[in-house]
Every structure is written in C-alpha cells, then in structure tokens.
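> Chain by chain, the residues:
There are 4 protein chains.
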Amino acid sequence: MNNRYIFKLTVKVRDYECDLQGVVNNSNYQRYMEHTRHEFLESLGENFGAMHEKGVDAFVSRVDIRFKASLRSGDSFISCLNLTKEGARLVFHQDIFRASDGMLSARGRVEVVVVENGRLTKGEYFDELLKKTEA
Amino acid sequence: MNNRYIFKLTVKVRDYECDLQGVVNNSNYQRYMEHTRHEFLESLGENFGAMHEKGVDAFVSRVDIRFKASLRSGDSFISCLNLTKEGARLVFHQDIFRASDGMLSARGRVEVVVVENGRLTKGEYFDELLKKTEA
Amino acid sequence: MNNRYIFKLTVKVRDYECDLQGVVNNSNYQRYMEHTRHEFLESLGENFGAMHEKGVDAFVSRVDIRFKASLRSGDSFISCLNLTKEGARLVFHQDIFRASDGMLSARGRVEVVVVENGRLTKGEYFDELLKKTEA
Amino acid sequence: MNNRYIFKLTVKVRDYECDLQGVVNNSNYQRYMEHTRHEFLESLGENFGAMHEKGVDAFVSRVDIRFKASLRSGDSFISCLNLTKEGARLVFHQDIFRASDGMLSARGRVEVVVVENGRLTKGEYFDELLKKTEA
Chain D
1 MNNRYIFKLT VKVRDYECDL QGVVNNSNYQ RYMEHTRHEF LESLGENFGA MHEKGVDAFV
61 SRVDIRFKAS LRSGDSFISC LNLTKEGARL VFHQDIFRAS DGMLSARGRV EVVVVENGRL
121 TKGEYFDELL KKTEA
Chain X
1 MNNRYIFKLT VKVRDYECDL QGVVNNSNYQ RYMEHTRHEF LESLGENFGA MHEKGVDAFV
61 SRVDIRFKAS LRSGDSFISC LNLTKEGARL VFHQDIFRAS DGMLSARGRV EVVVVENGRL
121 TKGEYFDELL KKTEA
Chain V
1 MNNRYIFKLT VKVRDYECDL QGVVNNSNYQ RYMEHTRHEF LESLGENFGA MHEKGVDAFV
61 SRVDIRFKAS LRSGDSFISC LNLTKEGARL VFHQDIFRAS DGMLSARGRV EVVVVENGRL
121 TKGEYFDELL KKTEA
Chain B
1 MNNRYIFKLT VKVRDYECDL QGVVNNSNYQ RYMEHTRHEF LESLGENFGA MHEKGVDAFV
61 SRVDIRFKAS LRSGDSFISC LNLTKEGARL VFHQDIFRAS DGMLSARGRV EVVVVENGRL
121 TKGEYFDELL KKTEA
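Protein chains in written order, with the numbering used here: chain D, 1 to 135; chain X, 1 to 135; chain V, 1 to 135; chain B, 1 to 135.
Just so you know, the hints here were simulated from the structure itself, not pulled from any lab data.
If you want the footprint, here are the derived chain B segments under chain X, 3+ residues with CB under 8 Å:
#1 29-37
#2 59-67
With a Cα cut of at most 20 Å, we get these calculated SDA-like pairs of lysine to any residue:
#3 X:K12 / V:L81
#4 B:K12 / D:S43
#5 X:K12 / V:E39
#6 D:K68 / V:R119
#7 B:K68 / X:G118
#8 D:K68 / V:T121
#9 D:K68 / V:R109
#10 X:K68 / B:V56
#11 D:K68 / V:R62
#12 D:K68 / V:R89
#13 X:K122 / X:R62
#14 V:K12 / X:E46
#15 V:K12 / X:N47
#16 B:K68 / X:E86
#17 V:K68 / D:E86
#18 X:K8 / V:S76
#19 B:K68 / X:R119
#20 B:K54 / V:E53
#21 X:K12 / V:E46
#22 B:K68 / X:D57
#23 V:K68 / D:E116
#24 X:K12 / V:N47
#25 V:K8 / X:T10
#26 V:K85 / V:R109
#27 D:K12 / B:E42
#28 D:K12 / B:A50
#29 B:K12 / D:V11
#30 D:K8 / B:R14
#31 X:K68 / B:R62
#32 V:K12 / X:L81
#33 D:K122 / D:G87
#34 V:K54 / B:G55
#35 D:K68 / V:A58
#36 V:K8 / X:S76
#37 B:K8 / D:S76
#38 V:K122 / V:L83
All C-beta atoms, glycine included, are put in the ideal place defined by N, C-alpha and C.
With the hints as extra help, turn the sequences into a complete structure.
Here you go:
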C-alpha cells in the first residue's frame, strides 16, 4: 500500500458481516467500497442523499472485484480509492488492505454513471466537485 | 402453529444471513418480519414503495422479539402474522416457525405508526385497507 | 430469457433491500446470485453449511456484475445460472431478469475456487456433484 | 446523554443502511447495537469470533427497541451501553444518540445468555471479564 490513493478510510469489520464460513461475506466488500466512495464524496463537500434530493444520482453500472485474502472478526482494514474518467463513466479503483499486515484483501473496479433528472450525463457534476479539490 | 393467523409466508434461509456462529443473525428476524408485513400489505392490494410515493409512510415505533430456536443454513420457515389496533398504533404479532418440525423460532411484537405527509395519523389508511379484506 | 440455463429461481424483492434511491442496492444482486448458487447446490443434494462442516469450502475469487435495469419495490425477478469450468475454477454465469417484462436487470460472472481442509483443489468435489445431475 | 454509560462508540451512517423511506432501516439499529456490544467485548480484551472458537457463545434471547428519531444519510451517532445482570441473563441497555444535536434516536434492551460447549451457563464467563475492568 503506497501513497498513490486520493482517499483512504479505516474501517473495523462488524461481526454480523461475517458468514458461516467465519469470514466477511463477499457482498460486504461491495458495501465497504460503496461507503468509501460516499465518504470520499463527503470529503468533497457533497452528500449522496442530498444529491438524490437535488435530482442527481450516481448509479453503479459495473462492479468487478477480485478477492485475495479474507477479512475476519476483529480485523480492521484500510479502504483506498482512486478515480479516473473513461468517456461518460467515472471509474473508481478501490483496494482494501488488512490493517494488521498491509495484505491486499480485495481489489475492485467500479464504474459509475451520473443521471440528472432522469437523463444520463457525461459526469459534469463530478468534474465540478473534483475541481474544488485541485484548487 | 394453529390457524389463527391472518397471513403466512414461507421463506428459505439465505446463507449470507447466517453469521460466524453458524446460525441466522438476530437482526435478520426483524428483516423477515418486515418483509412479511410488506407482503401482507401487498395481499391487501397496496405496496410499501407506492405508499411512500403517495406521502404515506408506516414507521416502526417499537419492536420486541424473543428468540427461541435458531434457524440454520438449509432451513425453511413459516412467518405468521396477526394484527390488532391499540389507539393510533397498529400492533403486529409475528411468529416464525421452523418448517421442518413446527418449532417456534422467534416471536415478535411490532408497533407501527402511520404518517401522512409528515403528520402522525390514527392509522385510518390501514382501516380502509383492512375493510376490503373483510368484505 | 431462453431455456439455456441449468437452474432458475424466482425471487421477490424485499423492501429493506432498496436504498434511498428507491431501487435495490447494488450489493444485493451479489447476494441474490450467492443465494441462487446455494439453491442450485441444494438441487444437487448438497448444502453449503453442511459442506463447510465437512471441511469443504467454496470461496468466490472474483465477481463481475453489469447492472442494466434497476429492480424496485414490488418487483419479482428470475435468477438464472449456468456453469463452466476454467482450470481449477468454477465459473458461474448468472443473469437476473425482471419477471414482469423479462428485461435483463443484471449479468454476473462469478469465479469460485474450492478449498478442502485448507488446500486449494481442482474442484473435484463439484465434478462429482454435477455427474449426478447428468445421470 | 450523560456520562452514566460504561461504553460509547461513535459511528457514521452508511448509505446502504438507508431504505426507500430515506432513513436508516430499523433492522440496522439492532446491528449497530450488536456491533457496539462486540466492540465493548473487545475493550475488555475478548473477541466474539475467538470466543466462538473456544466454544463460548453469547446468544441474544430478547431484543426490545423503541425508535424515537430516524437517522439519515450523513448522520453520525453515538452508541452507548450499560450492563446489568438479571439471574443468568446479561441485560444490555443501549441508547443511540444523533451526534449533531444529542437527540435520542433509539433505545434498546437486549438480553443475552451465554452458552459454553452447548450448555446454558449463569454468565460466569462475563463475570470474569468484567472483574478485569473493575480492577
């Protein structure tokens, strides 16, 4: 885990997220990644629920996650994020590392499209938000 | 399990609902009970999401669940419901029985209030719905 | 949706699966797909929890889901499955169709590896199970 | 919210925990309370998963939650806990306060029994743990 990420969030595994195999159920990594994107959004001064109220919705169009090392009860992890644009889509590159030893636990690529008042956009809404961070 | 219930739903345990103890996590019984109430609502010709769109929301004000016998991977269960009114509140009496042997797994008492356009009501919306079933 | 699937399961959306955007939260499609695989397993005479007790665990190594049309409160869907083998990995091809109009809602590709008593296998456990279905 | 609690945890709402009504789904308060109890356990030097491995399981026998004010996207909350013993049962008194204004959001009473190697105990395992904190 190096410093090339634009956002990081440290999270503790919750025991109800573990399944009968004794490890975090796979679907929860997708939830961890969603929460990380939304916290990233808040770091830019925007809130996902408030965006929805304004008629702006970010929808996930594709998620691709590779699972490397299972997280367990008691583990903390660092959820890291980068962002690129490919045409109209925002592409989030999301890595989850176990905190105790820095082991890569899951690597995700999440494509998002932005819809304003029902119309697909080119993601201008996020362009504006991201400009603020560069200022 | 006798025939005194006004609504019953048969459901299969999903493995992601089981936690590291190898049994269904307690919070999922509350979810099973919510789903049963909403399916009961659909049996009356109404849908929870459509109600919300119309400005009518049912909110749970209290939930009291006693856990008797754990459900496990592979189990099916019968989720049963009765309904009484106590003042402005709808009170759902909800029992969950393991299908294989009829054992009581969980017994819930769930109080619900109905809010229309932000104002607490006396639950007249449900009175109208329930009249249909008695007709 | 044609007949080329080896397993199908009809499921109703549960309202707690919908998020503040009013549609099924993306992570739940991964859960629907897991539940479908495990029900497929039961159709072969095996249970996921029982497998775990025997020291045989199927672990998801990669999940790739494309989201096409959002499911909503009140929707039912048909969760369909096919299975191929690529080396040691089982690859599940999973499509979810909205029941009302047959619209493709989500398309997943889920890679699974089988671990027996802590050792990665070539998936022989599933080969045996699948033979039964061909008999 | 005064200082009479023996354990407190500050948590941020995750957007996937909100349902189509735009508020945190009721079942998640039960999950917040479970996570708080397990973090309290860790503060005593024990881990829920490790306990299970040793053959010691805490099972919830009853949960009673009153919902006062809905949490929403963007909210943080403080999850507070007290503990009494009633016979063989541990009784957790759990209050959740919205961080922004200290408003009580949910109040829970959660009864727990401790099972060791399949036998119901008088909760001696917790007595030992709690002694450490008083030392």
